[in-house]
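Turn these sequences into a full structure, and let the hints steer you where they fit.
So the sequences go chain by chain: A and B.
Each number in this note's numbering comes from the position in the first sequence (counting from 1) with 30 added on.
Each number in this note's numbering comes from the position in the second sequence (counting from 1) with 13 added on.
Hints in this document: simulated from the structure, not taken from any laboratory.
Please note that a few of the clues may not be correct.
To be verified - Below, a list of computed lysine-lysine pairs in the DSS-like style, where the Cα atoms sit at most 25 Å apart:
1. Lys15/B x Lys408/A
2. Lys252/A x Lys74/A
3. Lys121/A x Lys74/A
4. Lys128/B x Lys117/B
5. Lys128/B x Lys408/A
6. Lys171/A x Lys200/A
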Amino acid sequence: MPQVYFDHASTTPISSVALESFIEQSKLVGNPSSLHSYGRLARKKVEESRETLANLIGCHSSEIIFTSSGTEANNLAIKGIFWHRLKEDPKRKLILISSFEHHAVLDPALWLAESGQAEILMIDVNKDGYIDLEQMESVIKDRHEEIALISVMHSNNEVGTIQPIKEIAKLAEVYQIPLHSDAVQSLGKVRLSFKDLALFAMTVSAHKVGGPVGVAALVLKKGVDITPLLHGGGQERDIRSGTINAAGIASFVSATATAMRDMESNYQKIFALRAKLIATIQGQISDVRLNSPLEGEILPGIANIEFPSTESDSMLLLFDAEGIACSTGSACSAGVQEASHVLLAMGRSEAQARSSLRFSLGISNSESEIEYLEACIKRVIDRARAAYRG
Amino acid sequence: MKLIAAMSGGVDSAVAAARAKEAGHEVIGVHLALSKNPKKYRSGARGCCTIEDSHDARRAADVIGIPFYIWDMSDEFHENVVENFLAEYAAGNTPNPCLRCNEKIKFAAVLDRAKAMGFDGVVTGHYAQTRDIDGQRLLYRAVDSGKDQSYVLAVLNQEQINGAHFPLGDTTKDNVRIEAKSRGLSVALKPDSHDICFVPSGDNAGWLRERLGSQVGDIVDEAGNKLGEHNGAYTFTIGQRRGLALSVPEKTGEPRYVLKVEPVNNRVVVGVKADLAIHEVSGLSPIWCGPKPSGQKSGFIQVRAHGSAHSCKYFLDESGPLPELKAIVDQPIYGLATGQAMVIYDGDRVVGSATITGTK
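See below:
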């Protein structure tokens, strides 16, 4: 049975360059913070990588704080900036986020609110998956003195829409409000420049771009001092402590460099595959509805599709049994499927959200895999419909 | 065959899944999430609804080498098992939720879903056996009489039995644990669950009081004399001796038992053991786990999950508006509550069952 991986937005295979780089660097001994020759050699690799990454994503190398995950970087951004801003002015208690942020942004913000420290205001998104700029503008205008920070994702991980970050940055700039953007899904797939977007902070992660799991970065404007989450050796700008992951960083940056070098051609290829995938599914199952826009400001590889009168977990099981991997919204810690908050925020009903699947494509996918899906999908959907509990 | 193995995270369902796979079936492990918020129903290590249990089930599936998923059955479970449990207690009956779970969830909602998705049946770790005789699949007691669970499966109709697979029925629990260990399953020594899985503390009366509210009423003798008070008739079960806290002792000094629970006037009637003696048991709308019996037969009746079997004569009385299963016991049974299941056996074979609606 063929094995088809349509879940690249969850994690994508490590590229051969990144793997090689990881293995090479792992062979070397030396803590980048040590002062001897071993340490200096490791540090050299880290700093070269930092400079390369800075060039790739349009920031200064000193603006990069390496972390262990995108979640850590997002937590550091939300909590760290919030606490710092609140310390400067006790009026600043409001956090503005979009209503369909990734849980790694949503949950730290909710935690701050639930623990009584902050107030959250979620800006609506429309049915196509784009943030309501007018609402954002009016909230900023009315409550700018209270706003601690704004965080809006660069692109949405479930539907693939790219948000108008530049416009939001202009609105934030008027009142010097820090803007953070979770750009984890965008890195290596679409143009991404910290400087051009005029951001205050930005999150990027290795394993969505062909690097290893366990390394990411928060890009944070120079000269800004935010409250750390982890206290210890202060290795990363005194903001993030923990032994620097030299192999992970080297590999992360190799992967990013490769992805950005091939970005144009990869975009074309993956976007064409996505179009074929959507057309194939529509051809086989006539009543599907697209949750992702067909074209426009979108990532090349994410197609979120509703299959009416199904449950996403039955479809996932049945596709998995055919060797096809795709994904549903998130699940709780015990593994119970929940209706996607992203689709609910986009105005879908609970039932619609529960009958939607995300297919996310990457460079390793091929047309023949879509043809294989074409051969199985009717059987899968028929059975999922028979099992539907409505 | 293509089978769904219902995996609770315990040792029995893990070994059952492993055996089904080893027998050459294509097996997929499924853990049933019975609560939207898994900590809501149980916080300890035992039961079926904790994060730890779903983790244990997943690890067992990994070791066995089968795919694993979580199925959200929380709505079905709440509606058919938890709500039913509350309603039955409120009506003065004593329900068995494990029976309802088998009837409505494991071998209904899960089996239906499995079949719709192209599977042939459901494997569980229940201790019971099925045998195909003359083209009909029949339900039998397990070899391990101490663990036999045929009682809680006696609510399955023929179609449900046809889709059910019980690979552990021929093995003792001790040997299942030994087998689990040799298969490298980390749940080999996990303690058994005993309590009702959705009552976190094991405090049944407290759980009911929390949901049905405290309702002070009288505890009376058969003549209607008040002997004490209670916090809610629904927390009492016929045959119960403990927790009565009566201030007036019985003249003979004999212990007193609950004889009747009267939810309408919120009364609990107590008396001595002799008053509990029951000679005839009846239940409406029986379910047959095989051929429907005709005429009066000799067999055994069991009225509790791990109770003993009492020899009896049983027959189907079809003279009333609803068919009624009746059993006349050779020796009296003591302390029998309506709402419990009466299960009829022919030797080791399960003939059928009904929910007890009347006793004499």
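Hints, verified against the model:
no. : hint                : result
1   : Lys15/B x Lys408/A  : holds (19 Å)
2   : Lys252/A x Lys74/A  : holds (21 Å)
3   : Lys121/A x Lys74/A  : violated (43 Å)
4   : Lys128/B x Lys117/B : holds (15 Å)
5   : Lys128/B x Lys408/A : holds (17 Å)
6   : Lys171/A x Lys200/A : holds (12 Å)
Going through the hint list in order, the structure does not satisfy hint 3, though it satisfies all others.
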